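Just so you know, the sequences run in chain order A and B. In terms of the working numbering, the numbers along the first sequence are unbroken and rise by one, the last being 117. In terms of the working numbering, the numbers along the second sequence are unbroken and rise by one, the last being 275.
Hints may contain errors.
On the chain A side, residues computed to face chain B include the following (Cβ under 10 Å) [unchecked claim]: (1) N31; (2) P34; (3) K39; (4) G53; (5) I55; (6) Y59; (7) Y85; (8) V89.
The hints are simulated quantities; they were obtained by calculation from the structure and are not laboratory data. Here the structure is a predicted model, which is why all the values come from computation and not from measurement. No residue lacks a Cβ here, since even glycine has one placed at the ideal position from N, Cα and C.
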Amino acid sequence: MEYGEVRWDNVDPKDAYKLMEKLTKVEVSGKGVISTVYDPSEKAVYLGMCGDSVDKALTDAESYGKDVVKKDKPDKSSKYDKSSDINAKCRCDRKK
Amino acid sequence: MSKRGSLDSSPTVGYLGPVNGARGGFSFAGRGGVVGGYSYGWPSGGTSEASVAAQWLFDEVAGNIVDEVTGVTLTKIGGPTYSQSSPESLWDNLAPGIYCPRFGADGFGAAGNEANLDIGANHFTIEWWFSFQNTNAVPGVITDTRLSTATNKGYYIASDHNSGTMTVVLQATDGTQVSKVFLTGSTFKSTNRKFRLVGTRGGNLELFMDGNSQGTAAIGALDGKDIDTNNAYIMIRLDSAVATECAGTCYEWRLSLNATNNSGGPNGG
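For reference, chain A alone in the conformation it holds in the complex:
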């Protein structure tokens, strides 16, 4: 299994729901979890997922996000800390 995560900043609340709804529909095969969180104080949407084909799913997720949140690209360098969200109990190994 693989693990992937990404974050969008400066997301208005009215956009957050639409983005999260789209993100939950990314296709990750196998067994795992897709997790999205919206923190209104930070105006940030976090996506973390584990399963198979996560790389492709992340690419899809970035594309979905672009459709909904036009002003910012997702930040793949910043840590998806909110989560320790998909954690070891998810029974997947974090991608090195």
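Dock chain B against the given chain A, drawing on the hints supplied.
For chain B alone, kept in the frame of chain A given last:
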């Protein structure tokens, strides 16, 4: 709304208190004679436990459905089919159920806040026994308490039967939202499943299917925050937005607060 189930299984344990990391924050010690079957009010057996906030047994023969705990009534929507027998012998003591064939058209609901369905800032356990009879890849809604599908405050649980995913959305009154999609790796088509969703505030959300964990994900973003209900719908979305065939038969839906209740099921439920 009559009580039912195994009253002589001599269950041996109750809620075991603080989370201990075992099986998603709770542990088991002994199960009486319950193997794969249903035990009403397990582990107490035969009586509703104090920690149960709301419980529907779907044993009405017509009309609305009535909660076992305080008599909250959810109004019939569309044309559910009553008095469905339990699927084979998998779920001993669990019958009848109610079949809602058309997602978006059949189910039960009440508009506005239902205090018994509020999660608040509490730990929670939601259980449902479900027989999937649909073949389409549409979401089969288990529960929807949201304010609206646009603003989304409340909680929402839905399955995708083709891909075998269970989506859980939790949104607090301050707008904090978490959404978890559990990928079970198997289809739900024409299967009978016992689900148990355990939310440990300050910890994880964990979904069990037939007693097996389907993964965990943190819900720390919701710590101390109020997860309210703005509507109360079971087996139907609040907006009835999509009408297509078929959801399935529900045999029990139960919410417990600050307890890790378990009404049994395959592999312990």
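The hints, checked one at a time:
1. Interface hint status for A/N31: violated, as the beta-carbon distance to the closest one in chain B is roughly 15 Å, over 10 Å.
2. The closest approach between the C-beta of A/P34 and any C-beta of chain B is roughly 6 Å, which is under the 10 Å cut-off, so the hint is satisfied.
3. Checking A/K39 against chain B by beta carbon gives a least distance of about 9 Å; that is within 10 Å, so the hint holds.
4. The beta carbon of A/G53 comes within 5 Å of a beta carbon in chain B, closer than 10 Å, and the hint placing it at the interface holds.
5. A hinted interface residue such as A/I55 counts as satisfied when its beta carbon comes closer than 10 Å to some beta carbon of chain B; here the least separation is about 4 Å, so the hint holds.
6. A hinted interface residue such as A/Y59 counts as satisfied when its beta carbon comes closer than 10 Å to some beta carbon of chain B; here the least separation is about 4 Å, so the hint holds.
7. A cut of 10 Å between beta carbons decides the hint on A/Y85: the least distance to chain B is about 13 Å, and the hint is violated.
8. Interface restraint check for A/V89: the shortest CB-CB distance to chain B comes to about 14 Å, outside 10 Å, so the restraint is violated.
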